[in-house]
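Sequences listed follow chains A and B, in order.
Counting with my numbering, you get residues 1 to 240 for the letters of the first sequence.
Counting with my numbering, you get residues 1 to 312 for the letters of the second sequence.
Treat the hints with care, since some could be wrong.
Unchecked claim - Here are the computed lysine-lysine pairs in the DSS-like style, where the Cα-Cα straight-line distance is at most 25 Å:
#	chain 1	residue 1	chain 2	residue 2
1	B	K4	A	K116
2	B	K108	A	K75
3	B	K108	A	K55
4	A	K55	A	K26
5	A	K55	A	K66
6	A	K131	B	K4
7	A	K131	B	K301
8	A	K26	A	K186
9	A	K203	A	K6
Calculated directly from the structure, the hints in this document are not laboratory data.
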Amino acid sequence: MPEILKVNNLSKSFGKVRAVHDLSFKVDQGEILGIIGPNGAGKTTLFNLISGEIKPDAGEVIFNGKDVAITQTFKKCRMGIARTYQIPRPFLNMTILENLLVGSIYGAGKSYKESKKQCVRILEKTGLSAKSGALVGTLPLLDRKRLELAKALATNPVLLLVDEVAGGLTEGEVEEFLRIIHGVRKEGVTVLWVEHIVMAMTKGPDRLLVMNFGRRLFVGRPDEAFNSPDVQKIYLGDED
Amino acid sequence: MTAKPIRLTFIVILLAFLVTMPLWASRYAVNVGLLVCLYVTLASMWNLLAGYSGMVSLGQQMFIGLGGYTLAVSSMYFGVPVYLSVLFGGFISVFLAVLISVSVFRMKGVYFAIGTWVIAEALGICFSNWGYVKYGMGMFIQPAYKLSMSGVYYAGLILCVSSVALVFLLLRSNLGLALMAIRDDDQASETLGVNIFRCKFICFLLSAFITGLAAGVLYLNAIFIQPFEAFGISWTVNLLFIVIIGGIGTVEGPILGAIIFVLLQQFLSEYVGYNLIIFGGITIGVIFFAPRGLVGTLQMKTGWELFPVRRQ
Chain A
1 MPEILKVNNL SKSFGKVRAV HDLSFKVDQG EILGIIGPNG AGKTTLFNLI SGEIKPDAGE
61 VIFNGKDVAI TQTFKKCRMG IARTYQIPRP FLNMTILENL LVGSIYGAGK SYKESKKQCV
121 RILEKTGLSA KSGALVGTLP LLDRKRLELA KALATNPVLL LVDEVAGGLT EGEVEEFLRI
181 IHGVRKEGVT VLWVEHIVMA MTKGPDRLLV MNFGRRLFVG RPDEAFNSPD VQKIYLGDED
Chain B
1 MTAKPIRLTF IVILLAFLVT MPLWASRYAV NVGLLVCLYV TLASMWNLLA GYSGMVSLGQ
61 QMFIGLGGYT LAVSSMYFGV PVYLSVLFGG FISVFLAVLI SVSVFRMKGV YFAIGTWVIA
121 EALGICFSNW GYVKYGMGMF IQPAYKLSMS GVYYAGLILC VSSVALVFLL LRSNLGLALM
181 AIRDDDQASE TLGVNIFRCK FICFLLSAFI TGLAAGVLYL NAIFIQPFEA FGISWTVNLL
241 FIVIIGGIGT VEGPILGAII FVLLQQFLSE YVGYNLIIFG GITIGVIFFA PRGLVGTLQM
301 KTGWELFPVR RQ
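Isolated chain A (complex conformation) (with noise of 0.2 Å):
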């Protein structure tokens, strides 16, 4: 499989706090990375790196064989890098399906007629159908983060970075969560998904890269990594 993404060297501080520290790391195309590391270990930072919301000090983000650290956001979602945040950020007055248009039309670039198709197939499969044209503001939270990562799958990426959708769901719902980013792994998109949640990332991601104070700890297999000592120590602290 194809490199699609190439992080080199990438770092970024805020004041004297380095959030991302002279990171590297590679992803294949439709491959699941899942990303964990204690709080403050830098993981959204680097989401927001790769996305571009805020750019890098030093390092290159390689997409599809370009540099694209400092291309500004909305033409990185143009050509097919999505994001969603840990926190939704929904339209809040608008309905639903208007909040999926805003990423079928513009981030994908399709006419108003094709968005509109596109838009209730990602309905369906999120599970929103029946709530197409309700108030963003009227949803509760797992409708948000089903919205959240719909509204990503309608810019048509090519690479989905999803920070933490399963937080503060119940087993069911991971579960529900699990089986749409497997499907969307399936029709070849690439996933970054960052997560607390041990078995969204025992069960979800092909390799897992742990994150500690903005360095790269360990990238292997999920069972690895949960059996490394290394990880263990910084979750569960040192014996000594």
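Given the coordinates of chain A, work out where chain B should sit on it, guided by the hints.
This is chain B only, laid out in the frame that chain A set:
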């Protein structure tokens, strides 16, 4: 669905009323009608910026002053027909909007508000120190003396109808979808592929153009223009009042707001000094009891819209 025929009938009756007004109404009533039309136009344009594109401008008076002065200078000094001069006013306003967009678009929120206000104030000072436009004494727009009241009224009516139609169509278009997304969460809209700068730029230019045109018609009626009045903040304060009591971010809000504002202004014109207190009191009352404005609150309670912009 019966909602659509009711809406259409309502709009047709309203238009018929406005179009025939010069035939049966008194000169005074036509003049009030003209003011309503112009304030609907100006307020719709301010609403397009503040209510839909997240640009709270306090500098709309820069386009009002510029539109008015373009009319005065080109009709008086160059003998250009007055209605053509009004059109020039619109183009000059767009030109200014392009020039200042480089700097004001770097500002957000309250900084944008202050930035636009400062530019308008600076223009006022420039014009009051400029001999070509007779300093602070102001100019009488003589070619406008002989215009018929109904001619000016129809110019105002055309602007009013087309600005409301424009806002309505714009909101129904794909650009409108992007604007609503930007209003709700600009960063999230950008990660979905929306080019925020482009959307805001289009709205800013449109608003400048139509505000400049409306200012021209306004001064065809007023006949006299003076820098500190033309470039004064009170224009935008009035628009703010209109849009807030009518309902910010609604197509109908500026219409209702402008009617209330112009009628109040007529009734209160005898009580100079008290009128501002009354306007302020009404604004505070509306903010307390109907924070989305009269139209906005009504829509929330009944779901009825004269100009529905939702996608089904």
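Check your understanding: Are there hints from earlier that the structure breaks, and if so, what are their numbers?
Key -> none
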